[in-house]
Amino acid sequence: MTTMTEMDCATCESLIDAYADGELSADMSIAIESALPRCPHCQQRLDEARLLRDALRQAPSPRAPAALRTAILDTLAPHDDAPTVVSMAPRPTPARRDVLRWAATVVVALTAGWAVGRYLPLPGESDATREVVDGYLRVTSGERLVEVASSDRHTVKPWFGGRVAYAPPVHDLTTDGFPLVGGRVDVIDGRKTAVLVYRRNRHVIALFLWPDRGSLTTQGEVRDGFGLRRWSHAGFTFHAIADLPLSDLDRFAAALGARLDAER
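Residues 1 to 264 (our numbering) make up the sequence shown, in order.
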(Lines of atoms letter the chains of each structure in order from A and count residues from 1; the text may use other names and numbers.)
(Lines give C-alpha, C1' and ligand atoms only; values in the text may rest on other atoms or scores of the structure.)
Protein backbone atom coordinates (compact mmCIF):
# COMPACT_ATOMS: atom_id res chain seq x y z
CA MET A 1 0.00 0.00 0.00
CA THR A 2 1.35 3.44 -0.98
CA THR A 3 1.78 5.74 2.01
CA MET A 4 1.69 9.52 2.04
CA THR A 5 5.49 9.67 2.35
CA GLU A 6 6.44 7.19 -0.41
CA MET A 7 4.12 7.87 -3.33
CA ASP A 8 5.44 6.10 -6.46
CA CYS A 9 5.63 7.72 -9.88
CA ALA A 10 2.69 5.80 -11.37
CA THR A 11 0.37 6.83 -8.53
CA CYS A 12 1.59 10.40 -8.68
CA GLU A 13 1.03 10.62 -12.44
CA SER A 14 -2.49 9.21 -12.16
CA LEU A 15 -3.42 12.02 -9.75
CA ILE A 16 -1.78 14.94 -11.60
CA ASP A 17 -4.94 16.21 -13.32
CA ALA A 18 -6.97 16.08 -10.10
CA TYR A 19 -4.15 17.88 -8.26
CA ALA A 20 -3.93 20.60 -10.93
CA ASP A 21 -7.69 21.15 -10.63
CA GLY A 22 -7.56 21.35 -6.81
CA GLU A 23 -9.74 18.26 -6.34
CA LEU A 24 -7.52 16.35 -3.90
CA SER A 25 -7.51 16.43 -0.13
CA ALA A 26 -4.85 18.50 1.60
CA ASP A 27 -2.93 15.38 2.72
CA MET A 28 -2.90 13.88 -0.77
CA SER A 29 -1.83 17.21 -2.27
CA ILE A 30 1.06 17.41 0.19
CA ALA A 31 2.09 13.86 -0.75
CA ILE A 32 2.19 14.79 -4.43
CA GLU A 33 4.20 17.93 -3.70
CA SER A 34 6.73 15.78 -1.86
CA ALA A 35 6.94 13.31 -4.75
CA LEU A 36 7.29 15.84 -7.59
CA PRO A 37 10.97 16.77 -6.98
CA ARG A 38 11.89 13.09 -7.42
CA CYS A 39 10.02 12.69 -10.71
CA PRO A 40 10.75 15.13 -13.59
CA HIS A 41 8.18 13.31 -15.74
CA CYS A 42 5.37 14.00 -13.27
CA GLN A 43 6.48 17.62 -12.92
CA GLN A 44 6.31 17.98 -16.71
CA ARG A 45 2.81 16.47 -16.73
CA LEU A 46 1.75 18.95 -14.05
CA ASP A 47 3.15 21.88 -16.04
CA GLU A 48 1.28 20.72 -19.14
CA ALA A 49 -1.98 20.30 -17.19
CA ARG A 50 -1.69 23.80 -15.76
CA LEU A 51 -0.93 25.31 -19.18
CA LEU A 52 -4.03 23.62 -20.61
CA ARG A 53 -6.18 24.78 -17.69
CA ASP A 54 -4.96 28.37 -18.05
CA ALA A 55 -5.51 28.35 -21.81
CA LEU A 56 -9.09 27.13 -21.39
CA ARG A 57 -9.82 29.72 -18.71
CA GLN A 58 -8.55 32.53 -20.93
CA ALA A 59 -10.60 31.43 -23.94
CA PRO A 60 -13.28 34.01 -24.84
CA SER A 61 -16.90 33.11 -24.17
CA PRO A 62 -18.96 32.74 -27.37
CA ARG A 63 -21.74 35.25 -27.96
CA ALA A 64 -24.95 34.39 -29.74
CA PRO A 65 -26.10 36.64 -32.59
CA ALA A 66 -28.64 39.23 -31.52
CA ALA A 67 -31.09 37.84 -34.08
CA LEU A 68 -31.03 34.33 -32.61
CA ARG A 69 -34.18 34.67 -30.51
CA THR A 70 -36.14 36.28 -33.35
CA ALA A 71 -35.02 33.69 -35.89
CA ILE A 72 -35.85 30.70 -33.70
CA LEU A 73 -39.24 32.07 -32.63
CA ASP A 74 -40.08 32.90 -36.24
CA THR A 75 -39.07 29.43 -37.36
CA LEU A 76 -41.06 27.64 -34.66
CA ALA A 77 -44.12 29.93 -34.57
CA PRO A 78 -47.43 28.30 -35.62
CA HIS A 79 -49.21 29.74 -38.66
CA ASP A 80 -52.93 30.47 -38.84
CA ASP A 81 -53.32 28.66 -42.15
CA ALA A 82 -51.55 25.49 -40.97
CA PRO A 83 -53.82 22.40 -41.06
CA THR A 84 -54.57 20.80 -37.72
CA VAL A 85 -54.04 17.29 -39.12
CA VAL A 86 -51.68 16.41 -41.94
CA SER A 87 -50.61 13.11 -43.37
CA MET A 88 -47.13 14.31 -44.33
CA ALA A 89 -45.00 17.24 -43.16
CA PRO A 90 -44.54 19.85 -45.90
CA ARG A 91 -41.11 19.86 -47.51
CA PRO A 92 -39.23 22.95 -46.27
CA THR A 93 -38.11 25.46 -48.84
CA PRO A 94 -34.35 25.96 -49.38
CA ALA A 95 -34.49 29.29 -47.55
CA ARG A 96 -36.34 27.75 -44.63
CA ARG A 97 -33.84 24.87 -44.50
CA ASP A 98 -31.01 27.39 -44.28
CA VAL A 99 -32.69 29.13 -41.34
CA LEU A 100 -33.31 25.84 -39.55
CA ARG A 101 -29.75 24.67 -40.14
CA TRP A 102 -28.33 27.97 -38.89
CA ALA A 103 -30.59 28.02 -35.82
CA ALA A 104 -29.71 24.42 -34.94
CA THR A 105 -25.99 25.17 -35.28
CA VAL A 106 -26.25 28.17 -32.97
CA VAL A 107 -28.29 26.23 -30.39
CA VAL A 108 -25.68 23.46 -30.34
CA ALA A 109 -22.89 26.02 -29.98
CA LEU A 110 -24.69 27.75 -27.12
CA THR A 111 -25.32 24.45 -25.37
CA ALA A 112 -21.64 23.53 -25.66
CA GLY A 113 -20.67 26.99 -24.46
CA TRP A 114 -22.94 26.64 -21.43
CA ALA A 115 -21.46 23.25 -20.57
CA VAL A 116 -17.91 24.59 -20.80
CA GLY A 117 -18.82 27.77 -18.91
CA ARG A 118 -20.35 25.73 -16.10
CA TYR A 119 -16.95 24.31 -15.26
CA LEU A 120 -14.62 27.13 -16.30
CA PRO A 121 -14.43 30.61 -14.78
CA LEU A 122 -16.29 33.45 -16.42
CA PRO A 123 -14.22 36.29 -17.96
CA GLY A 124 -12.75 38.32 -15.11
CA GLU A 125 -13.35 35.62 -12.50
CA SER A 126 -10.26 34.95 -10.44
CA ASP A 127 -8.95 31.43 -10.12
CA ALA A 128 -9.07 31.82 -6.34
CA THR A 129 -12.82 32.48 -6.35
CA ARG A 130 -13.56 29.33 -8.33
CA GLU A 131 -11.20 27.30 -6.16
CA VAL A 132 -12.80 28.61 -2.96
CA VAL A 133 -16.20 27.38 -4.16
CA ASP A 134 -14.68 23.99 -4.95
CA GLY A 135 -12.93 24.00 -1.58
CA TYR A 136 -16.22 24.65 0.21
CA LEU A 137 -17.71 21.61 -1.49
CA ARG A 138 -14.78 19.56 -0.23
CA VAL A 139 -15.37 20.87 3.30
CA THR A 140 -19.07 20.06 3.35
CA SER A 141 -19.03 16.79 1.41
CA GLY A 142 -16.12 15.11 3.17
CA GLU A 143 -16.29 12.65 6.03
CA ARG A 144 -15.39 15.38 8.53
CA LEU A 145 -15.66 19.14 8.48
CA VAL A 146 -12.33 19.86 10.16
CA GLU A 147 -8.94 18.30 10.82
CA VAL A 148 -8.64 19.92 14.24
CA ALA A 149 -11.94 20.18 16.12
CA SER A 150 -12.04 22.85 18.83
CA SER A 151 -13.59 26.21 19.60
CA ASP A 152 -10.46 27.20 21.54
CA ARG A 153 -8.29 29.56 19.48
CA HIS A 154 -5.25 28.50 21.53
CA THR A 155 -5.76 24.96 20.25
CA VAL A 156 -6.65 25.72 16.64
CA LYS A 157 -4.06 28.40 15.87
CA PRO A 158 -0.98 26.38 16.94
CA TRP A 159 -2.27 23.41 14.94
CA PHE A 160 -1.58 25.33 11.71
CA GLY A 161 2.11 25.62 12.63
CA GLY A 162 4.15 23.72 10.03
CA ARG A 163 1.05 23.06 7.94
CA VAL A 164 0.80 26.48 6.30
CA ALA A 165 3.49 29.12 5.79
CA TYR A 166 1.81 31.74 7.97
CA ALA A 167 0.00 32.13 11.28
CA PRO A 168 -3.71 32.71 10.62
CA PRO A 169 -5.71 34.84 13.07
CA VAL A 170 -8.20 32.60 14.88
CA HIS A 171 -11.22 33.83 16.85
CA ASP A 172 -14.27 32.10 18.27
CA LEU A 173 -17.36 34.18 17.44
CA THR A 174 -19.88 32.26 19.55
CA THR A 175 -21.13 35.42 21.28
CA ASP A 176 -21.89 36.87 17.84
CA GLY A 177 -23.78 33.77 16.73
CA PHE A 178 -20.95 32.14 14.79
CA PRO A 179 -19.29 29.43 16.93
CA LEU A 180 -15.90 28.17 15.81
CA VAL A 181 -15.90 24.47 14.88
CA GLY A 182 -12.21 24.06 14.09
CA GLY A 183 -9.71 24.27 11.25
CA ARG A 184 -8.31 22.43 8.26
CA VAL A 185 -5.87 22.91 5.39
CA ASP A 186 -6.83 23.16 1.72
CA VAL A 187 -4.95 24.06 -1.44
CA ILE A 188 -5.94 27.31 -3.20
CA ASP A 189 -4.03 28.65 -6.21
CA GLY A 190 -1.37 26.00 -5.65
CA ARG A 191 -0.70 27.07 -2.05
CA LYS A 192 -1.56 25.35 1.21
CA THR A 193 -4.23 27.54 2.76
CA ALA A 194 -5.72 27.81 6.24
CA VAL A 195 -9.47 27.25 6.49
CA LEU A 196 -11.49 28.05 9.61
CA VAL A 197 -14.91 26.44 9.91
CA TYR A 198 -17.79 28.13 11.74
CA ARG A 199 -21.49 27.44 12.14
CA ARG A 200 -24.52 29.66 11.85
CA ASN A 201 -27.37 27.60 13.30
CA ARG A 202 -27.24 24.49 11.09
CA HIS A 203 -25.25 26.12 8.31
CA VAL A 204 -21.51 25.73 7.77
CA ILE A 205 -19.30 28.75 7.06
CA ALA A 206 -15.84 28.11 5.63
CA LEU A 207 -13.37 30.98 5.97
CA PHE A 208 -10.39 30.71 3.61
CA LEU A 209 -7.66 33.17 4.58
CA TRP A 210 -4.12 33.98 3.53
CA PRO A 211 -1.71 36.94 3.75
CA ASP A 212 -2.57 39.84 1.44
CA ARG A 213 -1.27 39.42 -2.10
CA GLY A 214 -2.56 42.80 -3.18
CA SER A 215 -5.54 45.02 -2.44
CA LEU A 216 -8.95 43.39 -2.62
CA THR A 217 -12.12 45.43 -2.86
CA THR A 218 -14.85 44.18 -0.54
CA GLN A 219 -17.27 42.15 -2.64
CA GLY A 220 -20.28 39.96 -2.03
CA GLU A 221 -22.04 37.70 -4.49
CA VAL A 222 -23.98 34.48 -4.86
CA ARG A 223 -21.98 31.81 -6.66
CA ASP A 224 -23.40 28.38 -7.50
CA GLY A 225 -26.12 28.95 -4.90
CA PHE A 226 -23.68 29.87 -2.11
CA GLY A 227 -23.17 33.27 -0.52
CA LEU A 228 -19.56 34.43 -0.97
CA ARG A 229 -17.99 37.43 0.78
CA ARG A 230 -14.43 38.57 -0.08
CA TRP A 231 -12.47 41.27 1.71
CA SER A 232 -9.06 42.30 3.06
CA HIS A 233 -8.38 43.28 6.67
CA ALA A 234 -5.43 43.40 9.06
CA GLY A 235 -2.97 42.12 6.47
CA PHE A 236 -5.06 39.14 5.37
CA THR A 237 -7.38 38.30 2.49
CA PHE A 238 -10.59 36.54 3.53
CA HIS A 239 -13.09 34.50 1.54
CA ALA A 240 -16.16 33.47 3.58
CA ILE A 241 -18.59 31.12 1.88
CA ALA A 242 -21.76 29.41 3.11
CA ASP A 243 -25.26 28.36 2.20
CA LEU A 244 -26.46 31.61 3.76
CA PRO A 245 -27.75 35.03 2.70
CA LEU A 246 -25.08 37.67 2.12
CA SER A 247 -26.51 39.64 5.04
CA ASP A 248 -25.40 36.87 7.42
CA LEU A 249 -21.92 36.84 5.91
CA ASP A 250 -21.79 40.64 6.30
CA ARG A 251 -22.51 40.23 10.02
CA PHE A 252 -19.91 37.49 10.23
CA ALA A 253 -17.28 39.69 8.56
CA ALA A 254 -18.13 42.62 10.85
CA ALA A 255 -17.83 40.44 13.97
CA LEU A 256 -14.48 39.06 12.84
CA GLY A 257 -13.23 42.52 11.90
CA ALA A 258 -14.06 43.82 15.37
CA ARG A 259 -12.00 41.03 16.97
CA LEU A 260 -9.09 41.67 14.63
CA ASP A 261 -9.12 45.39 15.39
CA ALA A 262 -9.31 44.75 19.13
CA GLU A 263 -6.08 42.75 19.17
CA ARG A 264 -4.05 45.19 17.06
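Note that these hints are calculated values from the structure, not bench results.
Source: prediction; values computed, not measured.
Think of the CB as a built atom: it goes at the ideal place given N, C-alpha and C, for glycine as much as any other residue.
Please note that a few of the clues may not be correct.
[Stated by the list, open to error] Here are the in silico distance ranges between beta carbons for each label pair:
no., residue 1, residue 2, range
1, LEU52, GLY220, 13 to 21 Å
2, ASP212, LEU76, 47 to 55 Å
3, GLN44, LEU76, 49 to 57 Å
4, SER247, GLU48, 42 to 50 Å
5, SER232, ALA165, 17 to 25 Å
6, GLY225, LEU56, 21 to 29 Å
7, ASN201, ARG223, 19 to 27 Å
[Unchecked claim] Below are the SDA-like pairs computed for lysine to any residue, each with C-alpha atoms no more than 25 Å apart in a straight line:
no., residue 1, residue 2
8, LYS192, SER14
9, LYS157, ARG223
10, LYS192, GLY220
11, LYS192, THR70
12, LYS192, ASP176
13, LYS157, LEU137
14, LYS192, GLN43
15, LYS192, ILE72
For this session: Tell me, in ascending order, the numbers of any earlier hints that this structure violates.
Result: 1, 9, 11, 12 and 15
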